[in-house]
Amino acid sequence: MFPYTFVADILCRVETPLREPTFLILTALAGEPMHGYGLIAEVARLSDGRISLRPGTLYGALDRLVDAGLVAVDHEEIVDGRLRRYYRLTEPGGELLAAETERMRRNVKAATTRLRAVKAAPRPSRGFA
Amino acid sequence: MTDLERRFARWTALFYPADYRRTRGSELVDTYLSLAAPDRRRPSPADIADLAAGGLSQHLRTARGLGPGFRLAGLLALTTATTCATGWAILEALAPTPSWSLQVGPFLSLAVAAWAAWLLAAVVYVAASGRWFRWAAGLAVLVTAFIVPAAALTGLPRPPLSVLLPQIVLGVVALGAAGQRLWWVRLMPIAAAAAILPIAIGTAPTLDFISGYYDLAATALPAAAVTLLIGALLIALGLAARRDYRGTWAMLILLTPIGMLAVNPLGAVLDDSGPGRAMIPAWSSMVVASVLVAMIGPMLLPLALVARGQLSAGRRPPGPGHCPTCGASSTSA
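Which chain is which? The protein sequence lines are A and B, in order. All the letters of the first sequence, read from the start, carry residue numbers 1 to 129 under my numbering. All the letters of the second sequence, read from the start, carry residue numbers 1001 to 1333 under my numbering.
Don't read these hints as lab results, they were simulated from the structure. As the structure is a prediction and not an experimental result, all values here were calculated from the model. We treat Cβ as the ideally placed atom computed from N, Cα and C, and that holds for glycine. It is possible that part of the hints are untrue.
Here are the simulated distance ranges between beta carbons [said to hold, decoys possible]:
(1) A:ARG103 to B:SER1129: 20 to 30 Å
(2) A:SER47 to B:PRO1298: 36 to 46 Å
(3) A:ALA99 to B:ALA1240: 18 to 28 Å
(4) B:GLY1231 to A:ALA99: 45 to 55 Å
(5) B:GLY1138 to A:VAL118: 34 to 44 Å
Isolated chain A, as found in the complex (with noise of 0.2 Å):
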């Protein structure tokens, strides 16, 4: 969309691990296209409520996610006079969720089996006998 920037120069470059509300944005374009308050009750419901993006924060996601080529414009129409556009997954999006879907899940894995590994053993005595 600009081909240099100082947004490009600094934030064209997702970080990862990706931040919450970026993740679930990615997330949820991963079923189907949608538009701007389309994806903010989406990204609410994954998150039970807890993350409630604003208009102006979550085009300036967008903004950056298709700068990066994680996110592209799939069509666009006309609703009571006014334009709506609908954003889609890339093939590099797509690739870059499953790669963080991919390392939450071990570490998940990971906490999980020592839990219950934690859970199994018997509690040491903190007490004197």
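Keeping the supplied structure of chain A fixed, place chain B upon it in accordance with the hints.
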């Protein structure tokens, strides 16, 4: 168009760059309207704050050359700060110490620690990574700022604020110099310091604490300001001729340290305490000049960003009869 939509469109027009509004304004307003409760008539303070933050982010996003401009300004500021620190360090070491004042070992004042920290930062800039340089330059800024309370606590002499303040402001801008990769660019601060060395060594023994710090603050620092101003201006013009605007941003960023270096003549302009123009103006005039520079200088960059965003791509903002959000004509064909 409802009242709420009109108000969202006005706030969007206020905060966002014109080009962005043309392509995304309608979509942005539509999303805000979809989220608004049916009985809402005005944007909430949280919506306005979100629009302001989003608009600022877009102004930065579309400002071509701003990032490299910070790096260029940082390099020029570091070169100036290193040159000044070299001159002051030689003065500390070679000027005769006054018999009427306490002294810090063989040196004139506590500020020798700050000048040493600046020379260390210049060496780190050449020899180490950007991360190490940021630590070294940050430390130099802190040591320079700490000279004033340290002198107050110990009773030891320190240079006037008109020497320390420009060095601190130059140091803050110099933090942006990190990340330069070309070796000859990284050598520039050390080269400038080496160039000033013979002059400093030749002059310092003829000066003392007062004629060194106070008189040079009124003559050498404004000369450094003019040199930096002309240098930055020439670089900005040369780069702008190739449609590279980092020099223009660097120029705007450097106006604050340039103003601080020239605080003596600026204070003299404001000083009406006596006939003629004072070489060293009244302290109150210098304070007023410093406050003005500190307030106006940092505002120039955001103002330029907003002005550039509003009038970007050589297009005029939409006039009457045009949608304030997308700029399209509201008259139907």
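Problem set entry | Violating hint indices (sorted, rising) | Of the numbered hints, just 3 does not hold.
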